[in-house]
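> As a plain string of letters, each chain reads:
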Amino acid sequence: MATDILMPALSPTMEQGKLAKWLKKEGDPVKAGDILAEIETDKATMEVEAVDEGVLAKILVADGTDNVAVNTPIAVLAEEGEDPKGVQAGGAKPNGKETGEAQKAPAPDMQAEGHTERPAPAAKTDGDKPVAAPASPAVITSRSDDRAMAEIPEGTEMVTQTVREALRDAMAEEMRRDGNVFVMGEEVAEYQGAYKITQGLLQEFGAKRVVDTPITEHGFAGVGVGAAFTGLRPIVEFMTFNFAMQAIDQIINSAAKTLYMSGGQLGCPIVFRGPNGAAARVGAQHSHDYAAWYSNVPGLKVVMPYTASDAKGLLKSAIRDPNPVVFLENEILYGQSFPVPKLDDFTVPIGKAKVHREGRDVTIVSFGIGMTYALKAAHELAEAGIEAEVIDLRTIRPMDSETVVASVKKTGRCITVEEGFPQSGIGAEIAARLMVDAFDYLDAPVLRITGKDVPMPYAANLEKLALPNVAEVIEAAKAVCYR
Amino acid sequence: MDAAKEARRGSDKTREKAAPPPSASNVPAFSRDEDLHAYREMLLIRRFEEKAGQLYGMGLIGGFCHLYIGQEAVVIGVQMASKDGDQVITGYRDHGHMLACGMEPKGVMAELTGRRGGYSRGKGGSMHMFSREKNFYGGHGIVGAQVSLGTGIGFANKYRGDGAVSLTYMGDGAANQGQVYESFNMAQLWKLPVVYVIENNRYAMGTSVSRASAQTDFSKRGVSFGIPGEQVDGMDVRAVREAATRAIAHARDGEGPYILEMQTYRYRGHSMSDPAKYRTKDEVARMREESDPIEQVRKRLLGPHKVAEDEIKAVDAKVREIVNESADFATSDPEPDPSELWTDILL
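Read top to bottom, the protein sequences are chains S and V. Numbering of the first sequence is given in our numbering, commencing with residue 365 and proceeding in unit increments. Numbering of the second sequence is given in our numbering, commencing with residue 49 and proceeding in unit increments.
Keep in mind that the hints were calculated from the coordinates and are not lab data. Check each hint, because a few of them may be wrong.
[What the hints assert, rightly or not] Just the calculated beta-carbon pair ranges, DEER-fashion:
#: 1; chain 1: S; residue 1: Q787; chain 2: V; residue 2: E373; range: 45 to 55 Å
#: 2; chain 1: S; residue 1: A843; chain 2: V; residue 2: G226; range: 40 to 50 Å
#: 3; chain 1: V; residue 1: L237; chain 2: S; residue 2: A648; range: 29 to 39 Å
#: 4; chain 1: S; residue 1: K572; chain 2: V; residue 2: D265; range: 32 to 42 Å
#: 5; chain 1: V; residue 1: D385; chain 2: S; residue 2: P517; range: 42 to 52 Å
#: 6; chain 1: S; residue 1: A426; chain 2: V; residue 2: G302; range: 51 to 61 Å
[What the hints assert, rightly or not] In silico negatives: residues of chain V with every beta carbon more than 12 Å from chain S:
#: 7; residue: M335
#: 8; residue: H353
#: 9; residue: E373
#: 10; residue: D392
For every residue, glycine included, the Cβ atom is placed at its ideal position computed from N, Cα and C.
Pulled out of the complex, with its shape left as it was, chain V reads as follows:
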């Protein structure tokens, strides 16, 4: 049986079903500074992930490593709509979220290489990093578990009455887990300040959305609980920020949770060890050419915003420098002291 052909058929169906991205004219424009900010932030993630992929190939990063390349506009757009004190929690494709939360690239990269300067002192790895200081609650390796946890963070926000919103991310794969719906129910029942961001990158590992989901419109996944939702062009950082602003305001105002389906795409495989044979090279190439989130902003910067090419090159160079520094640190920092084996088990 030609499994690849079947998979392609599945992916074709997905493409047919995917809503066309809202036309650019519906999306409020970014100022020059906003676009420059988004460009720099997204590029940092892109370059960081490319470097991580490289280090993985060199055997310097072990285990599983899930890259965020292609999805950068989602987390950056949501962060641009959030406030200090809002918390972020996600699954295992988490490097982009950490950088977007302001965590140090050095500390993230050193965790990827399992060194003592990593955010978890080398004991967590790619999927398990946290920063209490930056309100980043992980980094969770069990698909869907972060959704209940993020709901609990929202519960705590309401308990304390501090006005913070829990930004809880999951993929299209996680959106089929049972505890997601248990969480939706409680979040709406108790009107918890949670925004559920479903990053629909079309594939749960190797399974296309249409092969796994009876309802492929993820914005409707909260309908039976009365949770409002919308589909968003997750490749356009402006559309993301716009929708996230609405969703976060809803949650912060005590109206309860909100679901955002971000229609996005990952360029790389599910993890570094995934050859991604379930989709065609054409499909990937077309997304990169037509919808790349960073390229969209770059064009606006060079075009309407009239930013000089040199200025953009300077941003590129600065980002590259930060990433190289993080890689240097992550490859020269020592491994954890053997005594670390026995620490942090109990407080």
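So here's chain S without its partners, still in its complex pose:
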């Protein structure tokens, strides 16, 4: 019985990769543990090892094929004694998979509107044809009806970039601009970044300014803060903000409070950045969303972008900011593509929310990856005749209440969407502010859609239940509209 060799997932969030090179050819005998092929993702190059013994009967996806979806059959392994020539792809086990259209890379516009899913482990395949998804268009133009583009001069050429590329470009541009800017953290230099956000920086700026640290969050956060006190501008990368809990004393007690405690003498121009919140199936200790935690602290600025364009513009602003900025990224968003303005020096102001989608019936306030639920819900609500206005906070602290209040005065209704926990969350803060600033305009209570009040479970079904979902957002929107 022949076996399909499937495109492996090399990380919790990998959706597709490039089949860089086959190291075995058709007809070669294969032992378990043999290296069959090399796979490249935007993060790394990895080797595919054989699990079973047999003969490599048929290669289904050729060398150099891009965008091969996870779980696509890439080759067929015949059992010993079986006639390799008679082996059929697709019919080999594991079967039971639906065949159909190849999973397409989502177009940037779709992503900007939130029409992307979390990584789906079960990719669909199209018979025995290679399933390279079409690449996204390289250049798209900004749409005039998109308020998201209001900060960008009309007619600006837009290029498609992933959030990952946008963050890297932001750091590189600021490092070129100011010799006091340097980046430090675990695996930022030689490894090129655990999530490849610092890719290429070591090559351009050298080891003095791209500093690999030992695994020592508390220590290197303090080193960064100390360097910032002297006027350097460190970018401290945490491999994830979960690990920054080891360092939170330095972030809060040293970075955030010293300006005040020194009567204005000792500023701390530092950026703490890294992925925050849930990724995919990484369990409770790697899934915490800290937006609400840092948002509680005077002396900090807290930024949590959704689009690549905001990620770039806000990170550049954060690096220039004379204050400590906690810059919360998201692993799932790293690989998503959005239009980014092609400008020499594009910045987005910290502390300004953005109306991502206009609507008259209900205001949905979100930020970061929460925007994906909000935008999908808005799209479906529109089909049901409810026009939702979707506000992307972008900055959590200082919070742009004005934009939220102005919207609620128009719609009379508000729901909030975040992946963090409900108690003392960002939604709770927004609800409290609206009670004071828009009480007379509210036609319904403010409802919060949040992560559930449980540590993040590992099991796929439970994790899905623990996170917010689009149906909850739609239900809440309908509820506040009394529909």
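Assemble the complex: chain S is given as a structure, and chain V must be docked to it using the hints.
Leaving out everything else, chain V in the frame of chain S:
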């Protein structure tokens, strides 16, 4: 259970383990001027701290107030070995370090009383004062945090290549914090110009060194990173300067960090609210009588240096005047304007 007895036992053990102070003959002598300088500087700290204690007792200083009395030779000796541009950072027992860095006694005292003329405009207090001008980076209230920060200052010195050395102080208590070792590792890995000065005053609040530390020889705390260290008689300002000169040269020459364990003693409690029942009065009295850092210098001035008693009295009077002025200022200066509540949060 007789906790006091146990504590005494602990302190006795410490005394047994403490290395005997190097004999005076090993220590290079100070010139007359150097001893006069050290005397004046140490006395200023002593009198300042006594005054702070007094104001605290009168309710004019609030919160926590940790006095440096007894430890004066440490910071003065290190400062005598440092150069302009070297930075100082320490924990919460910081008044002596600020005066040693040349910060104005008035501004320090006014911060202690929470007045607008204080170094932090009344918003920092005893544990949180800074002076960018004098390269004093605080004044940190979280035990051990200043060690990572000081290491970062050393990182910046190396980044800029300006030849400055970060003088990073901590107590024997802080030396058990995890981030201290994270910092040691990075400082040696990257050969950062940092001198770690561990002021071992034998008690981390109420816990004697032998009750808290598996390795009571703090000069060895960098051994696993290959950081050289030495134990120094921290009551003898000459020994301190001698060792600090060596350590600072090591750091400035690009050889990486250096650890100095200063064996010292605080006469007062951990803070003003500490009755210090974990040690005997005899122990304190013996240290004052036999090892007082200021008295040692005074004897040399009156003896070998043949300084007239009147000259010393004049120094005493001048110091007292400065301290009284600072207290007058600190008690007459107005409190911060209420609007200050909302300033200096962000730049």
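> Any Cβ of chain S at or closer than 12 Å to V/E373, or is the non-interface label fine?
holds (21 Å)
> Falls inside 42 to 52 Å, the C-beta gap from V/D385 to S/P517?
holds (44 Å)
> Quick one: work out the minimum CB distance from V/M335 to chain S and report holds if it exceeds 12 Å, violated otherwise.
At roughly 33 Å from the nearest Cβ of chain S, V/M335 sits farther out than 12 Å, so the non-interface label holds.
> Against chain S, does V/H353 keep a CB gap of more than 12 Å to every residue?
holds (40 Å)
> State, for the Cβ atoms of V/L237 and S/A648, whether the hinted interval 29 to 39 Å holds or is violated.
Since V/L237 and S/A648 have Cβ atoms about 32 Å apart, the given range 29 to 39 Å holds.
> Can you tell me whether the CB distance of S/Q787 to V/E373 sits inside 45 to 55 Å?
Given about 53 Å between the Cβ atoms, the range holds.
> Confirm or reject the claim that S/K572 and V/D265 have a C-beta distance inside 32 to 42 Å.
holds (35 Å)
> A range of 51 to 61 Å was offered for this pair. Does it hold for the Cβ distance of S/A426 and V/G302?
Holds, since S/A426 and V/G302 (Cβ atoms, about 54 Å apart) stay within the stated range.
> Would the least Cβ to Cβ distance between V/D392 and chain S come out above 12 Å?
violated (4 Å)
> Looking only at beta-carbon atoms, does the pair S/A843, V/G226 fall within the given range of 40 to 50 Å?
holds (49 Å)
In summary, the one numbered hint that this structure violates is 10.
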